[in-house]
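Protein chains in written order, with our numbering: chain U, 1 to 347; chain F, 1 to 74.
Calculated from the structure, these hints are not laboratory results.
Source: prediction; values computed, not measured.
Glycine included, C-beta positions come from ideal geometry on N, C-alpha and C.
Please note that the accuracy of each hint is not assured.
[To be verified] To give an idea of the interface, some chain F residues facing chain U are shown, with a C-beta separation under 8 Å as derived from the structure:
no.	residue
1	35
2	38
3	61
4	62
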Amino acid sequence: MNISDIKKYLHDYDGPDMSIMEVCGSHTAAIAKNGIPSLLSPHLHLLSGPGCPVCVTPSAYVDRLLSLAKDPGVCIVTFGDLMRVPGSTPYNLSQARGDGARVEMVYSPMDIFPLAAKEPDTTFIFAAVGFETTAPVYGLLVDYAVKHHIHNVKLLTAIKTMPEVIRHLMESGAPIDGFLAPGHVSVVTGVHVYEPIARDFSIPFGVSGFSGEEILLSLYGIVKARGQGRVMNFYPSVVKEDGNPEARALFETYFEPADACWRGMGTISGSGRELKKDYSWLDAGSEGLDRDTKANPACSCDRVLMGKISPMACPLFGRACTPANPQGACMVSTEGSCFSWYVNKRG
Amino acid sequence: MCVALPGRVLKLNSDAGTATVDFNGNIVEARSGLVDVAPGDRVLVHAGAILQKMSENEGSEMEDLFKELEAFGS
Chain U
1 MNISDIKKYL HDYDGPDMSI MEVCGSHTAA IAKNGIPSLL SPHLHLLSGP
51 GCPVCVTPSA YVDRLLSLAK DPGVCIVTFG DLMRVPGSTP YNLSQARGDG
101 ARVEMVYSPM DIFPLAAKEP DTTFIFAAVG FETTAPVYGL LVDYAVKHHI
151 HNVKLLTAIK TMPEVIRHLM ESGAPIDGFL APGHVSVVTG VHVYEPIARD
201 FSIPFGVSGF SGEEILLSLY GIVKARGQGR VMNFYPSVVK EDGNPEARAL
251 FETYFEPADA CWRGMGTISG SGRELKKDYS WLDAGSEGLD RDTKANPACS
301 CDRVLMGKIS PMACPLFGRA CTPANPQGAC MVSTEGSCFS WYVNKRG
Chain F
1 MCVALPGRVL KLNSDAGTAT VDFNGNIVEA RSGLVDVAPG DRVLVHAGAI
51 LQKMSENEGS EMEDLFKELE AFGS
């Protein structure tokens, strides 16, 4: 079967309706960019789930970063995605920087060390947000800080894990018939982590790459395996069955499972990772950040993240909430569902 | 945020814990502490760190999976 046959199959499919959720922000962006929904039968529905780390970070975390940023002896170091995410008010890191706070955007968490070496009297705090893909890089960061006795680098952590939130969605009754499993999370975790969920709910998972063709291949596999609790690896060039055990071992040296608060979903048991007690001197105050308040009460990011509504169904979408004036995290991040729908005019 | 890009290792800089990686002519330094790599390896890089080596022979694995799927009927 070649890609044309697969496209035809997905276009002409007239079996039972299926809702397939992607739980990776990069998949959300790739699906929109490649116009995938327009290639599918009206019986196949794609939902965007909680796959953008910035979008699922609760307001209390952003509030804590903003509060830390007020200290003249502190510099916040972050990926660019987080700059415009609102906390419990519309105020964000980008505005804080405009008001004189020190906020540095970097490409890699490891870029914090040259900054910290130049200013030993300043505390550099990395906004350590992310899923299993980024977690090992935080492992490298902590490993370096510990081994080189660096005391002016700290982390504010909001590290989350995928299997727990996927199980939470299924247990909360989300009408999902299959998952496009996150490719780069799976590079680290391997494919077995989804198997208990696939079995318990009799749903297929397709681990997918990020090109249009790879996504179509995975969707084809998920549709063909409808009703079967199995995990299929459509991205074997980088996803090994057991993932990257070396990367996981390094991370687990310094971090341990913890409950984590997700924007719009509340606290999910064991769905996060925090620094172990022996390394708490590296923590900038990550504990107890479980309050989640909407900056705009009409914002529907919570229901969008759970696949309950499409971004278009939010009363703010495209009106009060646009990429230039985002009201919720899903419109801020370039991998957020609302941003993706807005810029690609999806729906 | 989980974007990762493929490149090829040009050389290892063991003292610094990094590798020099070529992304289609764009040469960057990436941390090499998460997986053993050697010059010539194709690798996937995320947030400045090499996350995994890429395999060159995944074709047969995919072929088997598709044969199995086609046997399911429509």
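These are the hints, each one checked on the structure:
{"no.": "1", "hint": "35", "verdict": "6 Å, holds"}
{"no.": "2", "hint": "38", "verdict": "15 Å, violated"}
{"no.": "3", "hint": "61", "verdict": "5 Å, holds"}
{"no.": "4", "hint": "62", "verdict": "6 Å, holds"}
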